[in-house]
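Visitor: Line by line, the protein sequences give chains A and B. Position 14, counted from 1, in the first sequence is what the working numbering calls 14; the numbers after and before it change by one each time, with no gaps. Position 106, counted from 1, in the second sequence is what the working numbering calls 106; the numbers after and before it change by one each time, with no gaps.
It should be emphasised that the hints constitute simulated quantities derived from the structure, not laboratory data. Hints are not guaranteed to be accurate.
Ranges between beta-carbon positions, derived for each pair [stated by the list, open to error]:
no.	chain 1	residue 1	chain 2	residue 2	range
1	A	E41	B	I65	26 to 32 angstroms
2	B	T20	A	G16	26 to 32 angstroms
3	B	S30	A	E18	19 to 25 angstroms
4	A	R20	B	A108	17 to 23 angstroms
5	A	R14	B	K55	46 to 52 angstroms
6	A	R84	B	E67	24 to 30 angstroms
7	A	E72	B	Q14	39 to 45 angstroms
8	B	K55	A	S98	25 to 31 angstroms
9	B	T20	A	G28	31 to 37 angstroms
10	B	T20	A	G3	39 to 45 angstroms
11	B	I60	A	E18	41 to 47 angstroms
12	A	S87	B	V27	40 to 46 angstroms
Cross-link-like lysine-lysine pairs, in silico, DSSO-like; alpha carbons within 30 angstroms at most [what the hints assert, rightly or not]:
no.	chain 1	residue 1	chain 2	residue 2
13	A	K62	A	K44
14	B	K54	B	K98
15	B	K54	A	K44
16	A	K62	A	K51
17	B	K92	B	K55
18	B	K92	A	K71
19	B	K53	A	K71
20	A	K44	A	K27
21	B	K55	B	K68
22	A	K44	A	K71
23	B	K92	A	K51
24	A	K27	B	K68
25	A	K71	B	K55
26	A	K51	B	K53
27	B	K55	A	K27
We put the CB at the ideal spot given by N, CA and C, even for glycine.
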Amino acid sequence: NAGVMQNPRHLVRRRGQEARLRCSPMKGHSHVYWYRQLPEEGLKFMVYLQKENIIDESGMPKERFSAEFPKEGPSILRIQQVVRGDSAAYFCASSPPSWQGYQPQHFGDGTRLSIL
Amino acid sequence: KNEVEQSPQNLTAQEGEFITINCSYSVGISALHWLQQHPGGGIVSLFMLSSGKKKHGRLIATINIQEKHSSLHITASHPRDSAVYICAVRSKGGATNKLIFGTGTLLAVQP
Chain A
1 NAGVMQNPRH
11 LVRRRGQEAR
21 LRCSPMKGHS
31 HVYWYRQLPE
41 EGLKFMVYLQ
51 KENIIDESGM
61 PKERFSAEFP
71 KEGPSILRIQ
81 QVVRGDSAAY
91 FCASSPPSWQ
101 GYQPQHFGDG
111 TRLSIL
Chain B
1 KNEVEQSPQN
11 LTAQEGEFIT
21 INCSYSVGIS
31 ALHWLQQHPG
41 GGIVSLFMLS
51 SGKKKHGRLI
61 ATINIQEKHS
71 SLHITASHPR
81 DSAVYICAVR
91 SKGGATNKLI
101 FGTGTLLAVQ
111 P
């Protein structure tokens, strides 16, 4: 049973380019979370999604960042017009449907984004 | 002030020592997680607690809801336990399952 799969593991972009980070949740999981870990800082919540719905985006920067979790395919975190301050590790986590009660989140290995 | 505070920030121990990492939080919670992150690596969930105590191998996690405090203990520590240990809480109420994280405790176990 594969865990949470994130790709790419490392992504290098130049300032002004777009970055797309992908996350495939564990089989049977319908909730996806994105977290950001800035250098020398702790993890911070960005967004919580269920299939085709954004449940909580209170941690997303207001501009340039967007997230989706379509009916088919992985969840995508999209950063437009990247800047140096976007350099960070981005982690995705997933959990089972709500009817199972609150369950631990399973984390992926992260995408390390570097902006030149 | 952070809603989740961990201590110590850095911890160096000799192999075989008993280790304790502490976590205090200021919000009402429905669950507390202990996570492990190796340098440059992914994040592994060690425990999820809402009350009492859990044990897995050499790891023990306890929580005191009234005092808003949790501890992670490692018995007979080993160099492979060297990692960052992160406390995270899920706030009580609301539809969101988002986690609030401590800044982590960097543990180095020397042979």
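Visitor: Each of the hints needs a verdict: does it hold here or not?
Guide: Verification of the supplied hints:
| no. | hint | verdict |
| --- | --- | --- |
| 1 | A:E41 to B:I65: 26 to 32 angstroms | holds (28 angstroms) |
| 2 | B:T20 to A:G16: 26 to 32 angstroms | violated (47 angstroms) |
| 3 | B:S30 to A:E18: 19 to 25 angstroms | violated (37 angstroms) |
| 4 | A:R20 to B:A108: 17 to 23 angstroms | violated (36 angstroms) |
| 5 | A:R14 to B:K55: 46 to 52 angstroms | holds (49 angstroms) |
| 6 | A:R84 to B:E67: 24 to 30 angstroms | violated (42 angstroms) |
| 7 | A:E72 to B:Q14: 39 to 45 angstroms | violated (52 angstroms) |
| 8 | B:K55 to A:S98: 25 to 31 angstroms | holds (28 angstroms) |
| 9 | B:T20 to A:G28: 31 to 37 angstroms | holds (36 angstroms) |
| 10 | B:T20 to A:G3: 39 to 45 angstroms | violated (29 angstroms) |
| 11 | B:I60 to A:E18: 41 to 47 angstroms | holds (46 angstroms) |
| 12 | A:S87 to B:V27: 40 to 46 angstroms | violated (30 angstroms) |
| 13 | A:K62 to A:K44 | holds (15 angstroms) |
| 14 | B:K54 to B:K98 | holds (22 angstroms) |
| 15 | B:K54 to A:K44 | holds (26 angstroms) |
| 16 | A:K62 to A:K51 | holds (22 angstroms) |
| 17 | B:K92 to B:K55 | holds (24 angstroms) |
| 18 | B:K92 to A:K71 | holds (29 angstroms) |
| 19 | B:K53 to A:K71 | violated (39 angstroms) |
| 20 | A:K44 to A:K27 | holds (25 angstroms) |
| 21 | B:K55 to B:K68 | holds (20 angstroms) |
| 22 | A:K44 to A:K71 | holds (26 angstroms) |
| 23 | B:K92 to A:K51 | holds (23 angstroms) |
| 24 | A:K27 to B:K68 | violated (34 angstroms) |
| 25 | A:K71 to B:K55 | violated (38 angstroms) |
| 26 | A:K51 to B:K53 | violated (34 angstroms) |
| 27 | B:K55 to A:K27 | holds (27 angstroms) |
Of the hints listed earlier, those the structure fails to meet are numbers 2, 3, 4, 6, 7, 10, 12, 19, 24, 25 and 26, in rising order.
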